[in-house]
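Sequence positions in the sequence shown follow my numbering and run 857 to 1096.
Just to be clear, a hint being listed does not mean it is correct.
Now the in silico label distances, taken between C-beta atoms and shown as ranges [as the list claims (entries may be wrong)]:
no., residue 1, residue 2, range
1, THR948, GLY924, 24 to 32 Å
2, PRO1063, THR948, 36 to 44 Å
3, LEU974, ILE1058, 34 to 42 Å
4, PRO1038, GLY881, 37 to 45 Å
5, ARG947, GLN1050, 22 to 30 Å
6, GLY1092, VAL867, 21 to 29 Å
7, SER1042, PHE1095, 30 to 38 Å
8, LEU909, SER1042, 27 to 35 Å
No more than 25 Å apart at the CA atoms, straight line, and that leaves these computed lysine to any residue pairs for SDA-like [as the list claims (entries may be wrong)]:
no., residue 1, residue 2
9, LYS937, PHE876
10, LYS937, LEU1073
11, LYS937, VAL1045
12, LYS951, LEU901
13, LYS917, LEU884
To be clear, the hints were calculated from the coordinates, so they are not data collected in a lab. This structure is a prediction, so every number in the text was calculated from the model and none was measured. C-beta: ideal position from N, C-alpha, C; glycine also.
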Amino acid sequence: MIFAYADLLGVSLTLFLVFFGSVVGALLIGITIHEFSHCLTAFLLGDRTAKNLGRLTLNPKAHLDPIGTVLLFLVGFGFGKPAPVNPYRLRTGPKTGMALVAVAGPLSNLVIAGLAGLPIRAGILPWHTPFVVYNSASYWGASDYLGLFLSATVIFNIVLAIFNLIPVAPLDGFRIAVGILPHDLSEAVASLEQYGMAILLILFLLPMMSGGSVGILQVMSPAINGLAGAFTGVSGGVFG
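Assemble the whole structure, with the sequences as input and the hints as a guide.
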């Protein structure tokens, strides 16, 4: 992501810091809230593992993964440390309990996106997608900068929610699917856990494999655009 805004350095250091900072800040909030929600839900269901390990906190340091943080700065997408959960301590049982813990992460991201979108929907702040670089934004005021940050918060929290709902291990959607599907189908899905990382790698390599015609963001874009429009009242594409 730092490279996406590199051209802004020749225009204005302030603009570069605003755009880059908005994206990184939005992702830090999204990842921290996401992982905290997993930990909090596990705690409320009776498992104190996350609390005992100091993970029941909104301090980003407790949830950021070193590699995920580097990717956050380089490509604009990262991941946090998996929430430590002992499924056998969850009072609802390991299967249902893990599904509840898993769904808490994406749900929290959608809540954050909805709250961040309220001032934009009310017309108090403007919508500025971070995927469109405004080289002539020297006329911007404080409301534009705040609008950019909240727009980025809406977009990236939606992206985190939808991506994590993909039913592939180790994403949350896998645990949700295993927890709510009928027994036979649940067992069939669970048997695919060992192939999860390979499937994810293929998903990330889709743009290269398809010559750029298909990518994971392109597949998710209808849902991302629809939710962003619902939360902000803004029509049009998120990606410019």
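Item to complete: Hint by hint, work out which the structure violates, then give me just those numbers in ascending order.
Response: Nothing - there is no hint that the structure violates, so all of them hold.
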